[in-house]
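Q: Could you put together the complete structure from these sequences and hints?
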Amino acid sequence: MFDKAKQMNELLKLKKTLKKTVTMYEDGEWKIVVTGEQKIKEITIDGERRKDLVDFINKGLKKSQQATVKKMSGVSGGLGSFLN
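First residue of the sequence shown? That's 2 in the numbering used here, and the numbers climb one at a time after it.
No lab work stands behind these hints, which were simulated from the structure alone. None of these values were measured; they are calculated from a predicted model. Treat the hints loosely; a few may be bogus.
Subject to a maximum C-alpha distance of 30 Å in a straight line, what follows is the list of computed DSSO-like cross-link-like pairs (lysine-lysine) [stated by the list, open to error]: (1) LYS72 with LYS5; (2) LYS5 with LYS52; (3) LYS71 with LYS60.
A: Printed below as a string of structure tokens:
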């Protein structure tokens with residue numbers, strides 16, 4: 002039981018670190034900013050911020066992650082909720 006608590010603590014630390022990690026990719030007039038949690042923070046096309054695309058893509062990613070958590074729930078011993 003102690004090992005599981007220790008593992009959960011390590012996962013929570015990792016999640017905090019990933020939340021602070023930000024990667025930016027640019028190609029011409031396109032720019033995307035992504036967090037270590039694989040969430041889109043910003044999309045800019047031709048100098049225009051596209052919040053509509055950010056919201057749309059993040060909703061698709063969340064749906065994909067939820068499906069993954071559901072499939073992994075039997076294997077992970079309850080740690081699947083960490084991905085939410």
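Q: Each of the hints needs a verdict: does it hold here or not?
A: Status of the hints after comparison with the structure:
1. LYS72 with LYS5: 21 Å, holds
2. LYS5 with LYS52: Roughly 39 Å separates the two Cα atoms, so the pair is violated.
3. LYS71 with LYS60: 17 Å, holds
When held up to the earlier numbered hints, the structure conflicts with hint 2 and nothing else.
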